[in-house]
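Chemist: So you can see what is in the structure, the chains are spelled out below.
Number of protein chains: 2
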Amino acid sequence: MIDYPLKKAFELFEPGPVLLLTTKQGEKSNAMTLSWHTLIDFTPIIAVVLSDGDYSFNTLRKTRECVLAIPNAEIIETVVSIGNCSGKEMDKFAELNLTTTEAECVKPPLIADALYNVECTVLDVSLANRYGMFVLEGLRAWENEKITDRRTFHAHGNGIFTLDGKDINLKRLMTKWPQFI
Amino acid sequence: MIDYPLKKAFELFEPGPVLLLTTKQGEKSNAMTLSWHTLIDFTPIIAVVLSDGDYSFNTLRKTRECVLAIPNAEIIETVVSIGNCSGKEMDKFAELNLTTTEAECVKPPLIADALYNVECTVLDVSLANRYGMFVLEGLRAWENEKITDRRTFHAHGNGIFTLDGKDINLKRLMTKWPQFI
Chain A
2 MIDYPLKKAF ELFEPGPVLL LTTKQGEKSN AMTLSWHTLI DFTPIIAVVL SDGDYSFNTL
62 RKTRECVLAI PNAEIIETVV SIGNCSGKEM DKFAELNLTT TEAECVKPPL IADALYNVEC
122 TVLDVSLANR YGMFVLEGLR AWENEKITDR RTFHAHGNGI FTLDGKDINL KRLMTKWPQF
182 I
Chain B
2 MIDYPLKKAF ELFEPGPVLL LTTKQGEKSN AMTLSWHTLI DFTPIIAVVL SDGDYSFNTL
62 RKTRECVLAI PNAEIIETVV SIGNCSGKEM DKFAELNLTT TEAECVKPPL IADALYNVEC
122 TVLDVSLANR YGMFVLEGLR AWENEKITDR RTFHAHGNGI FTLDGKDINL KRLMTKWPQF
182 I
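Protein chains in written order, with our numbering: chain A, 2 to 182; chain B, 2 to 182.
So here's chain A without its partners, still in its complex pose:
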């Protein structure tokens, strides 16, 4: 994986793709699947919403760090399977088909099979009880430039997923946001 500019990392989250979130407590790393997330700022600041029934919830609250990975369409079945089992009962990385590598700024692992990884620290846990929300700040971003299928995918929450289709360039209309075009 190669360095990806942190200032462009918001562009990875804004389309709302399905993400993987990794955590680590003691020696145990875990991953969960997540599609409830939004940008809060461009730096990037990202809000993620977990259920307090998720095994990652308490780990994230306690350790205050995670990695957000953006998987591609090729590994969609693995990603959906990760969202349908619990780290409480198994070692997902051992049982499912994912390669991890060490992160630079945080203890949770990067997912080498993903298009991008963003190492994150938890800025704010005060919304965890009320909304299951954690406010994250990206510290370091990585790209796996060797993956040829660059399509991400989106969840409808009912077992149906939509793969990315074609891109449309409308930079000519982005008159209000010259800094991003």
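No lab work stands behind these hints, which were simulated from the structure alone. Take these hints with a grain of salt, some might be off.
Because identical chains share one entry, a pair is satisfied inside a single copy or across any pair of copies.
Said to hold, decoys possible - Mimicking DSS-like on lysine-lysine, the simulated pairs with C-alpha atoms at most 30 Å apart in a straight line are:
hint: 1; residue 1: K108; residue 2: K9
hint: 2; residue 1: K172; residue 2: K89
hint: 3; residue 1: K147; residue 2: K167
hint: 4; residue 1: K9; residue 2: K167
hint: 5; residue 1: K63; residue 2: K167
hint: 6; residue 1: K147; residue 2: K89
hint: 7; residue 1: K25; residue 2: K177
Given the coordinates of chain A, work out where chain B should sit on it, guided by the hints.
Modeler: Chain B in isolation, oriented as in the chain A frame:
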């Protein structure tokens, strides 16, 4: 437009499409383009993130109601144009090519050209100053079943947008969420 089951409305937001948000203050209706949003609960509860520079920000804080509309790929240029001008200086509905109709539970208008509209009340404004975040609850949902192109689109934040591609049915893997499949 026909009734759309409110309990299925979360499925419209979870994929992270670009939305339109309408507000109304006094006699003036307005619309803005929005892609910073996430589900918080299935009922649906939705968090939207606005800039305090957005004309809609104070209107939403004051009036505490809005409509979230999900536009299709055919009107992408209109939607992007709405995100690149301000209701402070113009009547967007008069100058841009959008048809509105009256909502049932709230004063802001529905957008008849959109695939779906969800009438929302603001549950929580306490995060508006810190994160620009408003927590919304959907009250009533509508579908325009006559629109044939059902593709939504996603923003990368840099003038590039991705249209929906093909759908993948992975209900067989959704063992943890039997209530939704």
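Chemist: Evaluate K147 and K89 at a C-alpha cut-off of 30 Å and name the case that applies: within, between, both or neither.
Modeler: Result: close neither inside a copy nor across copies, 33 Å intra and 46 Å inter.
Chemist: With 30 Å as the alpha-carbon cut-off, assign the pair K147 and K167 to within, between, both or neither.
Modeler: This pair counts as both: shortest intra-copy Cα distance 20 Å, inter-copy 24 Å.
Chemist: Using 30 Å as the alpha-carbon threshold, which applies to K108 and K9: within, between, both, or neither?
Modeler: Answer is within; shortest intra-copy Cα gap is 23 Å, inter-copy 38 Å.
Chemist: First find the shortest C-alpha distance between K9 and K167 inside one copy, then the shortest across copies, and answer within, between, both or neither for a cut-off of 30 Å.
Modeler: Both: 20 Å inside a chain and 27 Å across chains, each within 30 Å.
Chemist: For the identical chains here, do K25 and K177 meet the 30 Å Cα criterion within one copy, between copies, both, or neither?
Modeler: Intra 41 Å, inter 23 Å, cutoff 30 Å: inter-copy only.
Chemist: First find the shortest C-alpha distance between K172 and K89 inside one copy, then the shortest across copies, and answer within, between, both or neither for a cut-off of 30 Å.
Modeler: between (46 Å within a copy, 23 Å between copies)
Chemist: Pop the pair K63 and K167 into one bin, within, between, both or neither, using alpha-carbon distances up to 30 Å.
Modeler: neither (41 Å within a copy, 39 Å between copies)
This entry does not satisfy hints 5, 6, going by the numbered hints stated previously.
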